[in-house]
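Student: Here the protein sequences line up with chains G and B, keeping their order. Residues in the first sequence are numbered consecutively from 1, following the numbering used here. Residues in the second sequence are numbered consecutively from 1, following the numbering used here.
Read the hints as simulated data drawn from the structure, not as lab findings. Cβ atoms here follow ideal geometry from the backbone N, Cα and C, with glycine treated the same way. Check the hints yourself; a few may be wrong.
To be verified - Taking CB as the label site, the calculated pair distances span:
hint: 1; chain 1: G; residue 1: N187; chain 2: B; residue 2: R63; range: 40 to 46 Å
hint: 2; chain 1: B; residue 1: S101; chain 2: G; residue 2: S211; range: 39 to 45 Å
hint: 3; chain 1: G; residue 1: N187; chain 2: B; residue 2: C116; range: 46 to 52 Å
hint: 4; chain 1: G; residue 1: D191; chain 2: B; residue 2: A103; range: 53 to 59 Å
hint: 5; chain 1: B; residue 1: L53; chain 2: G; residue 2: S11; range: 24 to 30 Å
hint: 6; chain 1: B; residue 1: R131; chain 2: G; residue 2: G23; range: 53 to 59 Å
hint: 7; chain 1: B; residue 1: Y10; chain 2: G; residue 2: E145; range: 40 to 46 Å
hint: 8; chain 1: G; residue 1: E157; chain 2: B; residue 2: E110; range: 40 to 46 Å
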Amino acid sequence: MKDFEYIRARSVDHALEVLAEKGESAVKIAGGQSLLNILKQGLMAPDCLVDIKGLEELDFIESNPGTGFRIGALTTHASILDSEVLQSSCGVLASMERHLATVQVRNWGTIGGNLCMADPSSDAAPVLIALGSTAHIRGPEGAREVPLGEFFLGYYETVVQPGELLTEISFPAIPPATGVSYEKFRNVEGDAPIVVSSAFVSLEKDGRTLSDARVVLGGVASTPVRATAVEDALKGVKLTPAAVESASGLVAESTSPIPDVVCSAEYRNKIARVLAKRTLLSAFEEAKAAVGGKKHR
Amino acid sequence: MTLLDFLREYLGMTGTNAGCRTGDCGACTVLLDGKSVNSCLVLACECDGKAVLTIEGLSAGGRLHPLQEAFMDEGAVQCGFCTPGMIMRGVEFLRGNPDPSPAEARVAIEGNICRCTGYENIVKAVLAAARKMKGGGVA
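All chains, please: the whole structure from these sequences, using the hints.
Tutor: And the structure:
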């Protein structure tokens, strides 16, 4: 690891000042659970590291009935997993966190760091996109908001500029008659996912007809992708396992996997089809239960 | 410099083992402000002002920690390479869950790989330490 200047930010304002002064020679470090491996391998060798991990103002979980949820960018995965309010009102996020990496990584790694690393196989991104999240970014020009679905530009690349900070993620409360599910596939527990899928399913009053759907896949392109062909095929349709199976066959219209050391592109597409189907079906079941009032959300 | 290298190379405290150095194996687990972390994935300078507890700091008054004793009693040490990390993770786990089920103890060490595959006795040791620490008298 090359020597670097280390600056611990005292506040968001201080971090922005330092970033403005240092320009592109500076790299932000949050939990560093991916960044440290990148530094050790010499893939990045910044002159200056700006440590934002300790910024308590960005470490929070807020739930406001009606408006939804806000999670500070520097909230650790462990805090999200342990959050009672998220467990009771947004269980899908806790279930994603439960299987994200290992406890050591969850204890120190942050949700904002995970998103800004923009690993295409990120556990967190697909479920947060399915939940309809917004990324809140602050920079020298002030604050801006970007839908999380438009946050990722490519492999390890986001809309956050060198002088900017991701400050929080927000998403609306899960609407009535809606289910949200998440599943990932990997060879060994604790390994990075091969494919990730998250599905959001809203039903009409009849408890069968789909009114809104989002299917978000990770690990099948340079960024997380919405499986829009699958979503469109199901809108206004009375959901059945057969309808879901048939629509899930359309995942490859939205994916562009590349073969790598883990598996072939075809394999990723096949797994993506299966996971899209499974997550749609389990979100459908949860939505049906919500219509029937069986599940308190 | 990582916390792991700082401990081993700068302070000469080699109780914390260096395994994969990529955050996958858990051999270098230490407690940072009471939370288990892979010390290979934390910079030493990040720890300024924080409490770092390593395997060297577990014994008190010349007595081993109950989990260290349980590892010996249950034969949970084979080659010993994963042991410091396993024990530090186990200490954190038992602080939060003093009465774990076998399944919970297995999940607790999800981030610690034992290359001897001695997990059965490691889980037994965690459960035995829990009983001992509760004062149940079963060592």
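Student: Broken hints, numbered, in rising order?
Tutor: 3, 4, 8
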